[in-house]
Amino acid sequence: MEMAERVRVTVGPRGLLEVEFSGFCGEDCLEEERQLRARLEQMGLSMRVTRRTMKDEEQIAAETDRSGSHGRVPVDY
Amino acid sequence: MSEIASFETEVVFRRVAAGGALEEDPGWALLRDAVAAVARERRGQVTGAVRDYFGRVHACDLALTVPGLPGGLGLEVSREDGRLRFLYDPYEGADLAEELQAEILQNFSALAVGRALAELHYEVELEEGRPGGRRVIVVRGTR
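Protein chains in written order, with my numbering: chain W, 1 to 77; chain P, 1001 to 1143.
In short, the hints are calculated from the structure, not lab data.
Using N, Cα and C, we set each Cβ at its ideal position, and we do this for glycine too.
Treat the hints loosely; a few may be bogus.
[Said to hold, decoys possible] What follows is a set of in silico ranges between Cβ atoms, one per label pair, in the way DEER data are often shown:
{"no.": "1", "chain 1": "W", "residue 1": "A61", "chain 2": "P", "residue 2": "A1118", "range": "28 to 38 Å"}
{"no.": "2", "chain 1": "W", "residue 1": "G26", "chain 2": "P", "residue 2": "A1059", "range": "49 to 59 Å"}
{"no.": "3", "chain 1": "P", "residue 1": "R1056", "chain 2": "W", "residue 2": "G26", "range": "22 to 32 Å"}
{"no.": "4", "chain 1": "P", "residue 1": "G1020", "chain 2": "W", "residue 2": "Q35", "range": "16 to 26 Å"}
{"no.": "5", "chain 1": "P", "residue 1": "L1126", "chain 2": "W", "residue 2": "D28", "range": "36 to 46 Å"}
{"no.": "6", "chain 1": "W", "residue 1": "A38", "chain 2": "P", "residue 2": "G1129", "range": "44 to 54 Å"}
{"no.": "7", "chain 1": "W", "residue 1": "V49", "chain 2": "P", "residue 2": "P1026", "range": "20 to 30 Å"}
{"no.": "8", "chain 1": "W", "residue 1": "R34", "chain 2": "P", "residue 2": "R1043", "range": "17 to 27 Å"}
{"no.": "9", "chain 1": "P", "residue 1": "R1043", "chain 2": "W", "residue 2": "E41", "range": "28 to 38 Å"}
Please build the complete structure, drawing on both the sequences and the hints.
Quick look at the structure:
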């Protein structure tokens, strides 16, 4: 079973965004972020990154456990 | 690998900046919805003009009047650079006007994110909460 791809966006006052990508392989999350930003830009939402953190193996393993997913493709970091 | 990223945002209608009509910009309908949502929540009205302390009327692209801000909060999109600007009389309810601006920008961002995720084939859920009294909207996409 493949792990679902998830995006969780927390929108704070004045439109501050915290975007969390889960379940993406390798650097797919960066491409997904690029596509999301491009669409938001078309809609009039211009974004400037203030912080970016790549999840570590422990965080990813915890997400995989929570989702009950098996058969995840291992990725070299 | 997956990531967490934080962003500051600004509303800029690129098509308007390029000479297009505001009504044809994909963000315009979202902005109207964002303002209408604040009007519903605050028992206000969406109009097309604001009034200053002396009663002078200023037309704008959109305006919101709510109890406590009788002159209203105006929204104008610059035809030169496409940037969204807010207008209000600072002598009447400046704090409330700031709150309304924050809510409009928050609604606009949440609506835009929900729409963008749907276009990217996610199933989208929106949830509003007030942890610690601070209004937060969470948009979740799953696919």
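These are the hints, each one checked on the structure:
1. Between A61 of chain W and A1118 of chain P the beta carbon distance is about 30 Å. The supplied range of 28 to 38 Å therefore holds.
2. G26 of chain W and A1059 of chain P have their C-beta atoms about 52 Å apart, which keeps the hinted 49 to 59 Å range intact.
3. For R1056 of chain P paired with G26 of chain W, a C-beta distance near 59 Å fails the hint of 22 to 32 Å.
4. Under the hint 16 to 26 Å, the C-beta atoms of G1020 of chain P and Q35 of chain W, about 23 Å apart, fit the expected range.
5. The hinted range of 36 to 46 Å is not satisfied by L1126 of chain P and D28 of chain W, whose Cβ atoms lie roughly 24 Å apart.
6. A C-beta distance of roughly 29 Å is found between A38 of chain W and G1129 of chain P, which places it outside the suggested range of 44 to 54 Å.
7. At roughly 23 Å, the beta carbons of V49 of chain W and P1026 of chain P sit within the given window of 20 to 30 Å.
8. At roughly 41 Å, the beta carbons of R34 of chain W and R1043 of chain P sit outside the given window of 17 to 27 Å.
9. Take R1043 of chain P and E41 of chain W: their Cβ atoms lie about 34 Å apart, and the range 28 to 38 Å holds.
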